[in-house]
Amino acid sequence: MTGYDFTLAGARLTALASGALWWADHRLLCVSDLHLGKSERHARCGGSPLPPYEGRDTLRRLETLVTALDPATVVCLGDSFDDDAAVRALPAEELDQLRSLMIRRRWIWIEGNHDPAPVAFGGETLAELACGPLTFRHIAAPAARAEVSGHYHPKARLRSAARPCFLLDRSRLILPAFGTYTGGLRSSAPALTALMAPDALAILTGPTALPVPMPR
Amino acid sequence: MFDLPPALHDWFAAKGWSIHPHQQAMLERADQPCTLLIAPTGGGKTMAGFLPTLAELADGRHEGLHTLYISPLKALAADIKRNLRTPVEEIGLPIRIDDRTGDTPASRRRRQRADPPHILLTTPESLALLISYPDAERTFRGLQRVVVDEIHALAESKRGDQLMLALARLQTLCPNLRRVGLSATVDDPQAIAQYLAHHPQPCEILLADPGPAPDIRMLETEEAPPWAGGGAAYAIPAVMQQIKAHRTTLIFHNTRAQAEIFFRNLWLANDDALPIGIHHGSLDRTQRERVEAAMVRGELRAVICTGSLDLGIDWGDLDLVIQVGAPKNVKRLVQRIGRANHRYNAPSKALLVPANRFEVVECRAALEAVRDNDLDGSPRGPGPRDVLCQHILITACGGPFDADALFGEVTSAGAYAALSRAEFDACLGFCATGGYALRAYDRWQRLQQRADGRWQLRDPRAAARIRMNLGTIQDADLIKVRLKRSRGGKPLGEVEEAFAATLTPGDTFLIGGQTVRYESLREMTVEVTRNAGKKPKIAVFSGTKFATSTQLSHRILEMFRQDSWPDLPRHTAEWLALQREVSELPRAGSLLIESFPHQGRAHLCIYGFAGRNAQQTLGLLLTKRMEELGLDPLGFVATDYATLIWGLQEVTDPAPLFEPRALRDGLEGWLAGNAVMKRAFRGAATIAGLIERNTPGARKNGRQATFSSDILYDTLRRYDPDHLLLDITREEALHGLVDFGRIEEMLDRINGRITLRRLQRISPLAAPLLLEMGKVPVKGAAQEKLLQQEAAALMRQSGLDRLPQ
Chain A
0 MTGYDFTLAG ARLTALASGA LWWADHRLLC VSDLHLGKSE RHARCGGSPL
50 PPYEGRDTLR RLETLVTALD PATVVCLGDS FDDDAAVRAL PAEELDQLRS
100 LMIRRRWIWI EGNHDPAPVA FGGETLAELA CGPLTFRHIA APAARAEVSG
150 HYHPKARLRS AARPCFLLDR SRLILPAFGT YTGGLRSSAP ALTALMAPDA
200 LAILTGPTAL PVPMPR
Chain B
0 MFDLPPALHD WFAAKGWSIH PHQQAMLERA DQPCTLLIAP TGGGKTMAGF
50 LPTLAELADG RHEGLHTLYI SPLKALAADI KRNLRTPVEE IGLPIRIDDR
100 TGDTPASRRR RQRADPPHIL LTTPESLALL ISYPDAERTF RGLQRVVVDE
150 IHALAESKRG DQLMLALARL QTLCPNLRRV GLSATVDDPQ AIAQYLAHHP
200 QPCEILLADP GPAPDIRMLE TEEAPPWAGG GAAYAIPAVM QQIKAHRTTL
250 IFHNTRAQAE IFFRNLWLAN DDALPIGIHH GSLDRTQRER VEAAMVRGEL
300 RAVICTGSLD LGIDWGDLDL VIQVGAPKNV KRLVQRIGRA NHRYNAPSKA
350 LLVPANRFEV VECRAALEAV RDNDLDGSPR GPGPRDVLCQ HILITACGGP
400 FDADALFGEV TSAGAYAALS RAEFDACLGF CATGGYALRA YDRWQRLQQR
450 ADGRWQLRDP RAAARIRMNL GTIQDADLIK VRLKRSRGGK PLGEVEEAFA
500 ATLTPGDTFL IGGQTVRYES LREMTVEVTR NAGKKPKIAV FSGTKFATST
550 QLSHRILEMF RQDSWPDLPR HTAEWLALQR EVSELPRAGS LLIESFPHQG
600 RAHLCIYGFA GRNAQQTLGL LLTKRMEELG LDPLGFVATD YATLIWGLQE
650 VTDPAPLFEP RALRDGLEGW LAGNAVMKRA FRGAATIAGL IERNTPGARK
700 NGRQATFSSD ILYDTLRRYD PDHLLLDITR EEALHGLVDF GRIEEMLDRI
750 NGRITLRRLQ RISPLAAPLL LEMGKVPVKG AAQEKLLQQE AAALMRQSGL
800 DRLPQ
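Chains A and B are the protein sequences, given in the same order. Okay, so the first sequence: first residue is 0 according to numbering that gives the first Met the number 0, each after it adds one. Okay, so the second sequence: first residue is 0 according to numbering that gives the first Met the number 0, each after it adds one.
Watch out, some of these pointers could steer you wrong.
[To be verified] Pair by pair, the computed Cβ-Cβ distance ranges are:
(1) THR1/A to GLY735/B: 49 to 55 Å
(2) ARG453/B to GLY45/A: 18 to 24 Å
(3) LEU482/B to LEU125/A: 49 to 55 Å
[As the list claims (entries may be wrong)] Stretch by stretch, here's where chain A covers chain B in the computed footprint (C-beta under 8 Å, at least three residues):
(4) 333-339
(5) 372-383
[Stated by the list, open to error] Facing chain B, a subset of chain A residues (Cβ under 10 Å, in silico):
(6) PRO50
(7) ASP56
(8) ALA140
(9) PRO141
(10) ALA145
(11) TYR180
Since the hints were made in silico from the structure, they are not lab data. Built from N, CA and C at the ideal position, the CB exists for glycine as well.
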């Protein structure tokens, strides 16, 4: 697995080039903002019928990671589903795919702003998870330390190519969105520049994980 | 003999005007279902289109809309309104005239729908919007005639296809609708006539007297043009003299960037401070309107422009047209020259200014083509299906429709006459459910079939969304440029977002003839300050880049067969002779390839003469193949006539590279993931209604406002490779930026005959390519390496790499 190794509050972590976080010491895999069911919700709300393959694509990429790393714990850091109705409308194949990933490991759904209700088909649903020195929650709390969060879908531009990225400073890590149909928020947006310390890094995802000073 | 009503006749007589023969002919054919008039600029073409309308409305008995006038330009609609009102008011005819464009206030637009004028002047997009309302039948009740102006321009774009589908709809509402098309000189009038006609009805073609042949020459300068580049700075003194010697000069350029640079250079040489303006599509609308108004008032001695002034109102005093850079396309050149036709029956005067040595050859070829009246044009393919998808959605906005009836209507438009029912059903299926192999939207269909078999919008609120995304004009992601002030400075124009992203504070660029300094990007606006002193570092904002037409390329190859070139300036003729001496000149019936070492790299020059876009695509495909074959290509550059590739290994056997099958596979495979294809997909997906246009409001909140069309494209390619939109994208790739059709044309032409010339050093014909801008590095592994290097450098510079992580 190609990635960028760093420590946060003493925890040795790897930002994977695929946009997931790997904590080898705990064999914990963390992904954020899967937004399963997005195309279904889009059509339901009167939008155009987008190619309905983003769920299987997101799960296929997650499956690759799970197969390669065999994590003991998987943390889905919130906004795993686009809304409650999207959970109910999940196609049977995607449901099976997801269930087979969940077998023989601890699976944690962190609540996001899109999916507040507990998920009906297994796993634990938590508002936040404390694990070792780290706290996992969906939306970053400004005063928090040693925190891992998602929600913002950060992205950054290098040589005119914008890519989803992790944002990292001494207090916190923000994960990029893992879902296939997820837009991004530039790291230069006020919400992110206010949250991150001046010496923060952006770790670009893609073929390799590339750390750069966070573009502001 | 048809006579004008007395009032009109008297008015003409009082003005001392006589009716042109083609205007009379139009009056006599007023009852015909379809007429195409081809007439030069300044020939009273528009009046010819309107005379039958004025005659029919003169008695004041008609109620409601009588004539619909459609032009590609909003400005033209407004101008015609002014021009028509003059006779109507002076004669006192009981005729109401109004225009309707995107700029018309909503209150007036509502009034027009309820109580339409006799003559409505509008654009294809505004017409499409009108037929999308459930009350369209009432609005168009009584409509007798439709006049399509500048149809030659519309027929070359999807705007024209959309218009013809709208006319098919109108023809159902008003079965007796008569159609008139007004066109500049074209290569194939019959094709335009078929395009305009209500298929299978005929369309008569009226050719007005084309007037005297134009007086057109190459500009002679003391200094020879440079070997490469497009600025034509060498010609500035000579052009300045021409401006001084004429009343008003229009100076056309092929790109906006070139227009800006030329304007700047001309201004520096403008010792007499002559009033000279600049006009192109990236400038702010108010700026452009100011230049147009000054032009109408005859205050300007010259206007530097691009295709933005190809169409539009006739300037009275225009007496010289200058084309800077190779004309690329003879038909457009002739139409541009026509702009100087200030008096009917006086020859227009035009000068060609080649920007580099090769363009001297191309200008010569173009002059001969103009003399022979050999206009170029490639037949357009079948009506594009993304436009059809939008039309189906527009139809649904107007109310429930019957699929059989709509199919009949659509195939009555010439461009869609050959559309099969299966193709139509695929488009309907796309509009209804997305048309995916995986049927996911049976519950949330956009269109659903009612019990009576007709189709309707599932959610009527979708109509507003569809209307908002209506139209076929593809804007790149443009962002505004403004002067930095405390309260919103003056708008200067627009640049592409990709260009803005490359700017760092302190960079300078040219816009509207001034050099500005980039300060910041705020709320999707580029803020700049004036910075006149400094030489601009960057001056690019890509407008359309035309490729040299197939016909003109063939003429150049023909010219190469001559023993000598007495018609060419000596410097150019000697250059060609030298090429023949050390290598050979390219020929139509085979492909000339030269290989030579230069600065430690192996070079390969492929003279395909397929036009810039196809040569660029060829560069992408060949370097990909070379990488596979271990030939280590490092980069390439393409022009209209050749592609130059450099790398580490010499190519000794080029034939396998040009296997047609391998090239086609290359297009399907690697190029399919290319940015140009993704751009084509985005265009098709936007027009077909899959993704919504970027509206300024939606941009502000940034996140998830729009779906990345690139991701949709990749997803479709992986999971649904036979989807309609991918099929449409592949069809688009035959033309436009990918232009694979021209590569096919070249392969047919050479038919496997390849001549490889292995030279000891660079050839005369290849040398200018080394000086060309726009070199493309071969990406792939190298691209990722560059990103890593830059990331490492940034970490080092910022000192962040020394922090413990």
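Each hint, compared with the structure:
1. THR1/A to GLY735/B: 49 to 55 Å: violated (37 Å)
2. ARG453/B to GLY45/A: 18 to 24 Å: holds (20 Å)
3. LEU482/B to LEU125/A: 49 to 55 Å: holds (53 Å)
4. 333-339: violated (count 0)
5. 372-383: violated (count 0)
6. PRO50: holds (5 Å)
7. ASP56: holds (6 Å)
8. ALA140: violated (19 Å)
9. PRO141: Where the cut-off is 10 Å and the nearest Cβ of chain B is about 19 Å from PRO141/A, the hint is violated.
10. ALA145: violated (15 Å)
11. TYR180: holds (6 Å)
Checked against the numbered hints given earlier, this structure breaks hints 1, 4, 5, 8, 9 and 10; the rest are met.
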